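Mapped onto our numbering, the consecutive letters of the sequence shown carry residue numbers 10 to 620.
Honestly, the hints are just simulated from the structure, not real lab data. From a predicted model like this one, the values you see are computed outputs, not experimental measurements. Backbone N, C-alpha and C fix where the C-beta goes; we use that ideal spot for every residue, glycine too. Heads up, some of the hints might be wrong.
[Stated by the list, open to error] Beta-carbon label-pair distances, calculated as ranges: (1) A390 / E411: 19 to 29 Å; (2) A203 / T103: 14 to 24 Å; (3) E411 / P104: 47 to 57 Å; (4) S455 / T608: 42 to 52 Å; (5) L202 / D150: 51 to 61 Å; (6) A308 / D492: 45 to 55 Å.
[To be verified] Here are the simulated lysine-lysine pairs, BS3-like style, with alpha carbons at most 27 Å apart: (7) K482 / K617; (8) K321 / K360; (9) K360 / K320; (10) K360 / K179; (11) K617 / K360; (12) K360 / K482; (13) K170 / K198; (14) K482 / K321; (15) K179 / K198; (16) K320 / K617.
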Amino acid sequence: MMNAISLALTSPMLSGGGGAGGDPDRYMFFATRNRMPSGSIVTAASGTNYVCTKVVVNTPQYKTRTFRFHLSGFASTEGGNAPQETVVTGTIGTPGNSVVADAMFIRAAGVFYQCTFAGLNTVTVADQTNGAWTDELTIPDVASESEIEIWLFYHTAVGEKIWPVYRIQKHRGERVWGAGDLATLLAFKDTPLADSTAALDSNYATVTQPQYYGPDFMVAKGDWDGRPVALAVVDSLGEARQQFSAAADARGNLGWFRRWLDRDGGIGRIPHLMIGMPGNGSVRELTGTGAAIATRRWAVLDEITAFNNNKKPFTVIANQMNDTAATYTQFFNTNYRSLITRLRARYPGVKIVALPPLGRTVSTRTVTLTSIGTVVTATIASGINGLTTGQTVSISGATQTEYNGNVVITVTGPNSFTYNFAGSATSPATGTIAANDLYLRASYQSFSANNTWPADSTDASGKWRLRADILAKTSACCDDAIDTYAAWVSGERDGVWPGMLELSSTVVTVQSGTDGVATYTTIEVADASIFGPEQEISTYAGPDGLARLSTTSIGSISGNTITISIPRSTVLPVGSIVRPSVTPDGVHPYGAVIDRVATGIPQSEKVKFNP
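All chains, full assembly: derive it from the sequences and hints.
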């Protein structure tokens, strides 16, 4: 394997130092943490309609000195019709309120520098417009791998709307302050680590944490050394729908793709901008008008090229998109390749590197339930495929709720198991009933529709044919590919996520809980280093560690003390096994698997981003 030095000697993109291999007068994407506006719009409240957001970004492995930042006048949807740019402050087609940026500063090495907009210290960003750029700001050299704070002061009238961008990562020094006037907020420049305003700082580390306004596109000049700079076209996996603020690493990265790109390995950290968002669909990206528009962000890219001496702020396109469809023809040609056609037309000659998809499975089985007295018999039409006597299974969906819950099972046949309950007057149970092992074992997973392994003729509309076509560069769908499969797949079974039993675990060292009634908020374990904030964990007991005691989420970690997000009362004896969860939905990995993917793709693959 080539190290960074030998790669630099053989790659013209990395042959120079001090900017000799690049272009010191070219604006390039440079900042970690950048995000396109999307999410739930924010309504200005009385007493906090003036807002200051402090966002912290990190710089590349070379000096930067000249900066421009962009404030958008629109946001994109998430979910079914993403990335359409139709989250606006008014009605589509009828502009709503504007947001006034009262002041903007960057703070580097402890010094504030004010940004201007067409020579003014303030700008009004109108709804349903591309937005506004700061003027060129040249400051003393910012050392490589530094932090830059971006302070944006803005307001609207009470009751008006503000576009969402960032969930504040307060463990990295980010803050959000609110007040009824600008002067009160400007005073925080003297106390930059003062606590955020409580009314705005809600639901930290959850999907419902509010998102606040800030710059999306960020570019800089400096001693760019010619290394690849990526424009990443991504969906919910690339834009980390499954991780939120508290899980960010020291450089602000969330999700496996950002972490992998920004890791200091192979040819080094790859500066990048991710232009997608959760729920992104390749068939809708870079197309549409009016109420289906998804071209505004790309128009902003054109603005960069215009003030950048007709040069793009990136050198390579990384395509992580992997949405599905009903048939493979629609999936590969109508959706996936149509975006490639639009990208090649817009950026002729730019290399496109694709990353094949991650898994899509379920850990549930539809079951029928009958009972005699206090014993329930569950029958699975498709076979048990991995359940074990003594393990906990979650039963849900029975109309008669006494059947539902977390139950310890006894396997009684190739497709049946029993468990005890309080009894019922109804047998069989009615409803759409499911048995779920919460991804304890890889062998219990089944494939979601259109995703059946292997990638052969039976996989008529699945992701695994997409992986095969990407790796083969079929129909010019990419110029090169970086495979993801080995980084995430179970070591026990092809095409599925690892089970909890395949991930690292630890044990409880001090009993939590006393009587099953009194609550607690912390758990002491032998080794908390295997976990991260916001990660879901399950605690197990029993001789084989298969009987689930509790499932909860980590709020924070200090040493080997885990603070959980919601108080629990279940007694966790010393020696109980604590395991990280795998995925909430079979699509988006939780933290432990995100780390597995980010470390599992070889850093040497980054050389494929070179021309």
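Here is what the structure says about each hint:
no. : hint                    : result
1   : A390 / E411: 19 to 29 Å : holds (23 Å)
2   : A203 / T103: 14 to 24 Å : violated (39 Å)
3   : E411 / P104: 47 to 57 Å : holds (55 Å)
4   : S455 / T608: 42 to 52 Å : violated (27 Å)
5   : L202 / D150: 51 to 61 Å : violated (25 Å)
6   : A308 / D492: 45 to 55 Å : violated (33 Å)
7   : K482 / K617             : holds (14 Å)
8   : K321 / K360             : holds (13 Å)
9   : K360 / K320             : holds (15 Å)
10  : K360 / K179             : violated (37 Å)
11  : K617 / K360             : holds (10 Å)
12  : K360 / K482             : holds (13 Å)
13  : K170 / K198             : holds (25 Å)
14  : K482 / K321             : holds (25 Å)
15  : K179 / K198             : holds (16 Å)
16  : K320 / K617             : holds (21 Å)
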